[in-house]
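Chain by chain, the residues run as shown.
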Amino acid sequence: MNAHNNMETQLWEYIDGLSGADERSFIEGLIAADAEWRKKYEELLSFNAALHQDIEIDQPSMRFTRNVMEEIGRHQIAPATGSYINKKIIYGIAGFFLTLIVGFLIYAIGQIDWSVAPVNNTLPFNLPKIDTSKVFNNNYVNAFMIVNTVLGLMLLDRYLAQQRKHWKKEDA
Amino acid sequence: MQTGLTDNDIIQLVRKGDQQAFAQLVTKYQNYVFTIILRYLPSREDAEEVAQDVFVKAYRSLGDFRGESKFSTWLYTITTTTCITFLRKNKLDVQSLDNEKVFAQADNMDGGMRANQVEQKSRVAMVNQAIKMLSPEDAQVITLFYKGEQSLDEIAQVLGQETNAVKVRLHRARQRLKEKMEKYFAQEVKDLAHY
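Sequence lines, in order, name chains A and B. Mind the numbering: the first sequence is residues 1 to 172 in the working numbering, read in order. Mind the numbering: the second sequence is residues 1001 to 1195 in the working numbering, read in order.
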């Protein structure tokens, strides 16, 4: 069943003109040599031709164009979005909020009484005595490396898929 | 009426104030827009209302059309979103006959004459009847691909999906269509094989 589906998918890509040059010549070879592929190809080809020719397009009423034009007569083309969005206004709003944030920060910092010594200036833990080997042991490092490798492979796969699409377009 | 103008030429004319030039675009695309809407809505009256709304929206938004895609792709995108908005606003279910029970009901409604009529149906009627049994999305993808002169990339833009997803959808839609035709129009499919 899977092989059958795969055959159909490849044949549809060939018929739609989506296969690359190599794939195209490979499928042409299969169609020429294999009776099963040839039969399926002819079947899909006549189905494709029927779809091209036989799908009917419906028509609205005879008055449709006139109705639309009458309706349009009451409207005007709206100005392009880019033309009425004034960048100066956007920058102005951004500037206002930035000034507000910076102002609050300056005010908050100004309220701190720096002359008062901290109640407890010792840290709740002894930094030199922390045993990092409990966290950064081999298992954690390995898991970290595996996750990174998987992410790296996913990114590479995505990049290659994009490249493949690009090459296919160039081939076509 | 000026002939031989491209869509972009007509759009330039309309933008310069020649509102009547827009009628050429309406005439050219009204059937395609109407057909796509009918894939979603059962009523021709509703479909015509939505189609009119699509052209008015397109006219009002012409200022935003930058010509980076074909006018038809842009128009079909408006068509799809307007259809979905209409369905949501009116709380209508998407018209889907992708279910044998519904088809059986429709079959019974037509009474006994239907069997004879089906036998007499031409290949054209068979294909179109089978398309009506598909889900609106499948029917739309097939219509855009075969009649709307849209590439897979353009259909992806219309539907707001990835090109690969559209490729898979088109493949499955054709498979489902073929299955419907084989199930309900076995004799015609045999004839088609000799076509």
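Quick caveat, the hints were computed from the structure, so don't treat them as lab data. These numbers come from a predicted model, not from an experiment. Virtual Cβ for every residue (Gly too), placed ideally from N, Cα, C. A portion of the hints provided could be inaccurate.
[As the list claims (entries may be wrong)] Coverage of chain B stretches by chain A, computed from C-beta distances (three or more under 8 angstroms per stretch; other residues unrestricted): (1) 1014-1020; (2) 1026-1037; (3) 1054-1064; (4) 1133-1146.
*Find the hints from earlier in the document that the structure breaks and name them by number, from lowest to highest.*
none
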